[in-house]
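A.B. asks: Sequence:
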Amino acid sequence: MAENTNASLVLNWYEIKGKNLVGEEPIRDLTADDMLKLFDAPFWNKIYHCWAMKKSHINTIQKHVDHKINPEQFSYFVEIYKKNKS
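Numbered per this note's numbering, the sequence shown spans residues 690 to 775.
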């Protein structure tokens, strides 16, 4: 599977009513290009991008995180950050 060499992919989940961040987890074995195809969106600023996860995305994302995705309990977002070269 692919490595995330130029970008960090993170799944964040929030309270539905309170809107507080509950947790976050790196998304394993997917690339920024994989996410751009899944969300059918360009990486418009080449630094950061965030999408609200829909039910149609769950099967793809679930395979790459340990957290059990539960859209009835949480709101989910996928974020991509460009990694800084050190």
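To be clear, the hints were calculated from the coordinates, so they are not data collected in a lab. Heads up, a few of these hints could be off.
Quick list of in silico lysine to aspartate or glutamate cross-link-like pairs, EDC-like style, CA-CA up to 16 Å [said to hold, decoys possible]:
hint	residue 1	residue 2
1	K743	E768
2	K757	D723
3	K743	D718
Ranges between beta-carbon positions, derived for each pair [claimed, not checked]:
hint	residue 1	residue 2	range
4	L725	Q762	15 to 21 Å
5	N695	P760	17 to 23 Å
6	S745	I705	17 to 23 Å
7	K706	K771	15 to 21 Å
8	K772	I705	28 to 34 Å
9	K706	I747	17 to 23 Å
10	N695	E761	21 to 27 Å
11	D729	H753	30 to 36 Å
12	N709	K757	27 to 33 Å
13	D722	E761	28 to 34 Å
14	L725	E761	15 to 21 Å
15	D729	N709	18 to 24 Å
16	Q751	I705	17 to 23 Å
For every residue, glycine included, the Cβ atom is placed at its ideal position computed from N, Cα and C.
A.B. asks: It remains to establish, for every hint, whether it holds in the given structure.
C.D. replies: Status of the hints after comparison with the structure:
For the proposed pair K743 and E768, the alpha carbon gap of about 14 Å is at most 16 Å, so the pair holds. Our distance criterion of 16 Å between C-alpha atoms is broken by K757 and D723, whose separation comes to about 21 Å. Only pairs whose Cα atoms come within 16 Å are accepted, and K743 paired with D718 is rejected, the gap being roughly 20 Å. For L725 and Q762, the hinted distance range of 15 to 21 Å is not satisfied, since their beta carbons lie about 27 Å from each other.
Between N695 and P760 the CB atoms are about 29 Å apart, so this pair departs from the stated range of 17 to 23 Å. S745 and I705 have their C-beta atoms about 18 Å apart, which keeps the hinted 17 to 23 Å range intact. Range check, K706 to K771: Cβ separation about 32 Å, and the 15 to 21 Å hint is violated. A C-beta distance of roughly 31 Å is found between K772 and I705, which places it inside the suggested range of 28 to 34 Å.
Take K706 and I747: their Cβ atoms lie about 21 Å apart, and the range 17 to 23 Å holds. For the pair N695 and E761, the beta carbons lie near 34 Å from each other, so the given range of 21 to 27 Å is not met. In this structure the supplied range 30 to 36 Å is violated for D729 paired with H753, their Cβ-Cβ distance being about 18 Å. Here the CB-CB span from N709 to K757 is close to 19 Å, at odds with the stated 27 to 33 Å.
For the pair D722 and E761, the supplied restraint of 28 to 34 Å holds, since their beta-carbon distance comes to about 30 Å. Evaluation of the 15 to 21 Å hint for L725 and E761 yields a failure: the beta carbon distance comes to about 27 Å. Between D729 and N709 the CB atoms are about 29 Å apart, so this pair departs from the stated range of 18 to 24 Å. Take Q751 and I705: their Cβ atoms lie about 19 Å apart, and the range 17 to 23 Å holds.
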